Amino acid sequence: MIKYILSALFAGIAVGYVNNNYGNVFANVWISDYVFTASLIMLLFVMGLAFGIDKESITKLRQTGPRILIIPLSTALGSICAGAIGGLILGISPIASATVSAGYGWYTLAGPMVWQIFGAEWGALGFATNFLREILTIITAPVMRRVDKYAPIASGGATSMDTTLPVIVRYSGSDVLVASFTSGFILTAVAPFTIIAIASLR
Amino acid sequence: MLNFSVAELMIPLVAGIVLGYCLRGTKHVGFGKVTLAAILVLIFSLGFGIGSNNELLGSLTKVGLNAVVLASLTIVFSVVFVKAVRKLIRLQ
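Just so you know, the sequences run in chain order S and A. Its first residue numbered 1242, the first sequence is counted upward by one per residue in our numbering. Its first residue numbered 9, the second sequence is counted upward by one per residue in our numbering.
In case anyone wonders, no lab produced these hints; they're calculated from the structure. Check before you lean on any hint, since a few could be wrong.
To be verified - Result set (DSSO-like, lysine-lysine): computed pairs, CA atoms no more than 27 Å apart in a straight line:
#, chain 1, residue 1, chain 2, residue 2
1, S, K1390, S, K1244
2, S, K1244, S, K1301
3, S, K1244, A, K41
4, A, K70, S, K1301
5, S, K1296, S, K1390
6, S, K1390, A, K95
7, A, K70, S, K1390
Keep in mind it's a predicted model, so treat the numbers as computed, not measured.
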């Protein structure tokens, strides 16, 4: 199945590039906004349906309970540590690169915020790094699933509540739906604050 | 990830869960093909958004290598942390 997903991704990139740079055949918003939103809303509905029909889903959710919160918490800590260590490895400011990683994949937030704090060069890194997190999550989902049921959720960070949610549920199963949505939601909510907090350490 | 309000995402999700709950016990419906088709449409339009975003493509060519290293490290550490803590508290 990953073949189809990757083909769709690269076909989309190619068509989007050609359309944008060689004579706008259709308006970009049509595909990247309307079609995207419509398919995401439909997927959320169908995933909810599959979750609701499953007799064991709620029992499983009760067993896990509030402990599910350790997923976003560990993901946030892991991301920030990785950013600092990555900065040291690459020979760039570890605080700035930890700020970049604290976007948790939300590139439309991390890009502009890091740009404002550290300047254009870092803004580009914040944008690209968090965008790649989303793409790598989609590409590596089948492998991650073998590492751990929750690994694709950790990988997805803030994106595990929308863009990467269908792919995560596809591989990890319906019973991670609520865990994935909750984790993505919490990381989305804390991302602006952790970005500012880490940036203030410089 | 794009900017959605939480309500926009929650409404279809909760509606689906409630309807699914009501439909319990009825004959099982296969979602496999429908969801795969919708996922492919979603991923295609995601790719389209990337391909048509010159600012994003520009940032990738400028800081590509650093971004790949940082993104990979971030993913690996997040997964390792979650897996370790999950084992520690014996989360099913």
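ask   = Any hints this thing doesn't respect? Which numbers, in order?
value = Numbers 2, 4 and 7, in rising order.
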